[in-house]
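Residue numbers (my numbering), protein chains in the order written: chain X, 1349 to 1938; chain S, 1349 to 1938.
No lab work stands behind these hints: they were computed from the structure.
Where hints are given, some of them may not hold.
[Said to hold, decoys possible] Covered stretches of chain X (in silico footprint by chain S; criterion: 3 or more residues with CB under 8 Å from a CB of chain S, positions within the stretch not fixed): (1) 1498 to 1510; (2) 1580 to 1586; (3) 1598 to 1604; (4) 1677 to 1686; (5) 1724 to 1738; (6) 1759 to 1769.
[Claimed, not checked] To give a feel for the contact side, a few chain S residues facing chain X, derived at Cβ under 7 Å: (7) R1410; (8) V1411; (9) A1454; (10) F1458; (11) D1504; (12) I1514; (13) A1518; (14) A1736; (15) D1738; (16) G1872; (17) A1901.
Positions of the beta carbon are idealized from the N, C-alpha and C atoms, including for glycine.
There are 2 protein chains.
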Amino acid sequence: MRSQYCGELDSSFIDQTVTICGWVHRRRDHGGVIFLDVRDREGVMQVVFDPDAADSFEIADRVRSEYVIQVTGRVRARPEGTVNSNMRTGEVELLGKEIQVLNKAATPPFPLDEYSGVGEDVRLKYRYMDLRRPEMQQKLILRSKITSSIRRSLEDQGFIDIETPILNRATPEGARDYLVPSRTHPGSFFSLPQSPQLFKQLLMVSGFDRYYQIAKCFRDEDLRADRQPEFTQIDLETSFMDEEGIMAITETMIRDIFKEVLNVEFDDFERMPFSEAMERFGSDKPDLRIPLELVTVGDLMTEVEFKVFSGPAKDPKGRVAALKVPGGNSLTRKQIDDYTKYVSIFGAKGLAYIKVNDKTDLEEGLQSPIVKFLPTDVRQSLLERLDAQDGDLIFFGADKASVVNDALGALRCKIGEDMNLYTKEWAPLWVVDFPMFEDNGDVRLTALHHPFTMPSCSIEELKANPAAALSKAYDMVLNGMELGGGSIRIHQEEMQNAVFDVLKIDKEEQEEKFGFLLSALRYGAPPHGGLAFGLDRLVMLMTGSDSIREVIAFPKTQTAACVMTHAPGQVEPEQLKELNIRVRKPQSDA
Amino acid sequence: MRSQYCGELDSSFIDQTVTICGWVHRRRDHGGVIFLDVRDREGVMQVVFDPDAADSFEIADRVRSEYVIQVTGRVRARPEGTVNSNMRTGEVELLGKEIQVLNKAATPPFPLDEYSGVGEDVRLKYRYMDLRRPEMQQKLILRSKITSSIRRSLEDQGFIDIETPILNRATPEGARDYLVPSRTHPGSFFSLPQSPQLFKQLLMVSGFDRYYQIAKCFRDEDLRADRQPEFTQIDLETSFMDEEGIMAITETMIRDIFKEVLNVEFDDFERMPFSEAMERFGSDKPDLRIPLELVTVGDLMTEVEFKVFSGPAKDPKGRVAALKVPGGNSLTRKQIDDYTKYVSIFGAKGLAYIKVNDKTDLEEGLQSPIVKFLPTDVRQSLLERLDAQDGDLIFFGADKASVVNDALGALRCKIGEDMNLYTKEWAPLWVVDFPMFEDNGDVRLTALHHPFTMPSCSIEELKANPAAALSKAYDMVLNGMELGGGSIRIHQEEMQNAVFDVLKIDKEEQEEKFGFLLSALRYGAPPHGGLAFGLDRLVMLMTGSDSIREVIAFPKTQTAACVMTHAPGQVEPEQLKELNIRVRKPQSDA
């Protein structure tokens, strides 16, 4: 029906007769002439109808916003002074000869030509209109380019695309699983997968060597700011390859995508041990675009009278850290109060600070509610350790290490954003050497990743000091967000048993939770490992979007609903009967 | 860990030192030397250990089937007389210098080197072992190549890959939908999509112009021979394109895949109207590899005394048809009885036949239980119309047209297979000009495809004679199987209302069933249409498999269960309580 897309037309088409199809983006009368901006996926083309062509003029006169039309005409240069250099088609216009209305349109719920500040609820309700906006078109087109680029990069590296099931076995542990009642097995349920983890390990046992999948995954949890009940993972697994090999392959993939899609070239990714990331940035996903760092000062504080500092300084699980903000003593009382409130979200009970007005005057040159509690030599050591200059501000965190890290780590990013301290646009890195186990204060340790993660140490070392064991896990971090993570898996029974022993998971629990995977591993599992990336988040970062909802065609709201289709919906009692379930009446007991 | 895949090694590597990793496929002692066939994804390599290298020999002596090993050695030509020309690696062997056991393996549940006739239940239970078989590896590798080729072909043609939701709105009509209880909306349910139909139309309303997706779909029905609860569709939709354009694009895609993956080149696909397909082949998915055809003979039978023929011949909804089997009079009584039983599956009450022994002798030359009921002139006309020759056999179907078509259509294929009458390997075609509506004897007509399918006629013609209306629908058929189907959709309200009127779907029902799609179509829907292909079936045909289970990594059984993971499974009452449902006790009422 068309000879060209609207957005393709430029001065190389001048004097050619073309046919375009699209939506009326804008309609103007001007000097007895009708201007229609016609929009399609590729762009917008200005079409002019003058009264000489009476039939077409009359039709053009009747069209309204978002009518679907087909126009045939001759491309010509725009008159001097009306060239729009912001548009690919801005040098030309189409002199309309024939116009056909392919479909009428009701008045749009919000204007598409002058989009500004329509609430997200309205945008989601009329998502099919919202997606017409050039900005949204470009985001989803870019998403498609990204997935295409990922597939090409992985297939070029020998990966095979294999689909794993969506209808999985529900288990009593699957607290955040979506469940699907089985009709043919009354009282039993499938679950929707949170990841294809077990299946990808089985595929390695099967010898596929390099597997990948762009896989839908599901998680039924209260949706925080930017989570979706269904999301998409770039999932991959390889055999006979160590962590260096896997990191190299996936770094290549990310490098390929950025080069191909955004024409951005990365240097080799930095490597940072987990402990260093926590120490310097209070986070296992440090945003390295921001030049601020946490500095441990607990050793200076053990003997001060100020218990807020000396308590955590003496507690093996405590931490006292400082965050120097260069030029930060211009912050107002109000701003500092706001930051104090901000860190309280992360459990911090306060936010001590020192403004450095004159570093040579340790008495009067330091402006702070707490400086009076610190002896002069401590003040001196502090300034030296932080290399503080006049005009700087120093924030302090003192609490359990996890609280200090969370609070100052987040504050660091917040200040970086507020003061626009970014030193670069992209800051990718690998975080490595994660601890194998986490002590949540429970009776038993838990696996930081999952119990199949390979420890970096020997079985003997693991048994001797599990809390000190590191794992062969790795996370890829970009601009303070985890893009992906993975690990080398345990493939030998002896090591697996040692890890289960540490986790106090007995044979019965092993069998119940991981039965068929453990069986499979006994039949000749190769050394293997892998990684999973969050596709939605990657696309969000690459399109400069604020939310993953911006890069998902039909996202759910924060209550896991779709306001366009009104999902979830009601069903008939007969349907439930067939599935051997019934809806529990409100307030009824178990 | 490896320098080459096993299957890559050929005589070009002679005298090179290489390292391979893989599974011990077979182990033999022969003349004091140990032979290990080592298998990986790409093939099998023979490795030789002789006692000169004592350490390695000793390790090689201890390995067993399916152990995972790493071997370094020198590639050399096999001794004269031991070359295996069936294998890519058959001219060479690896003289093992170093061997490392990467993992042991329990005794396999079935032998992988001499696989034969292991029951499917055992194969599915140990699917991770079954998938190690080179045959299964090749099938899934080919599947990955096919999807990659599909994506490339469609993206080259301007299609954008867009993901649509898996968690959809459940509706009271969704009889075959899998349901997912919502935790956040008590008593409400999501459904898993049977297809992305509504969303792909919305994407056209949004102006994406060309959409595709390789999409997981779900259907909760009793699994016939070759259905799966979850299956994969190649789903696509385009705007501003008529049926010719869409058929051309998708034919190009299928042509591209066959050329790229199997090196098979197709001529232009034949086009056949639905009515012709039913008339000549009794099926809307005719297998054109088989040269047999149905021939209508009802007009000859209206006046015969044999009521089995004259009844259907006079009934407007009846049909009397003949199927000539050249050389078929060699069929035994037993074979004919078996075919009679076979057609009864399709509702045929019998299977009349005539063996043509001597076509010049209309009395004694025709061998048949029914010939006595047919006057001589009818016999003569029959033989002429069918161009019957001595030695042929003629089967008859006489019943309601649908029964005759189903029975003789199926019989045609069965005989084609039994007598190996195939005249070619691949027979693709388009079936077009489908009826718009189906008369199931209900109060109202039903849509043969769906109510958004565009009729071929005008609104006036549709209203005047709906039963005669054809639609702009098209199916792609290959070797007697429907590969894909689709249609141009209705994009204008007037036509849509006319179709709803014929179907007697009132405003309320429209709103309930299709509410948001109908709303969307009012805001400027472009002319659009699309198609969906069954990926599993396509891969099955292209790999020469008997079942789609052969080309799905982890399929379900016919009771929609997974015998490997024991899905579906039991869950805790607390999980159900969170989801506001409970399991209905057996025998309890509603």
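* Contradicted hints - numbers only -> 2, 3, 4, 5, 6, 7, 8, 10, 11, 14 and 15
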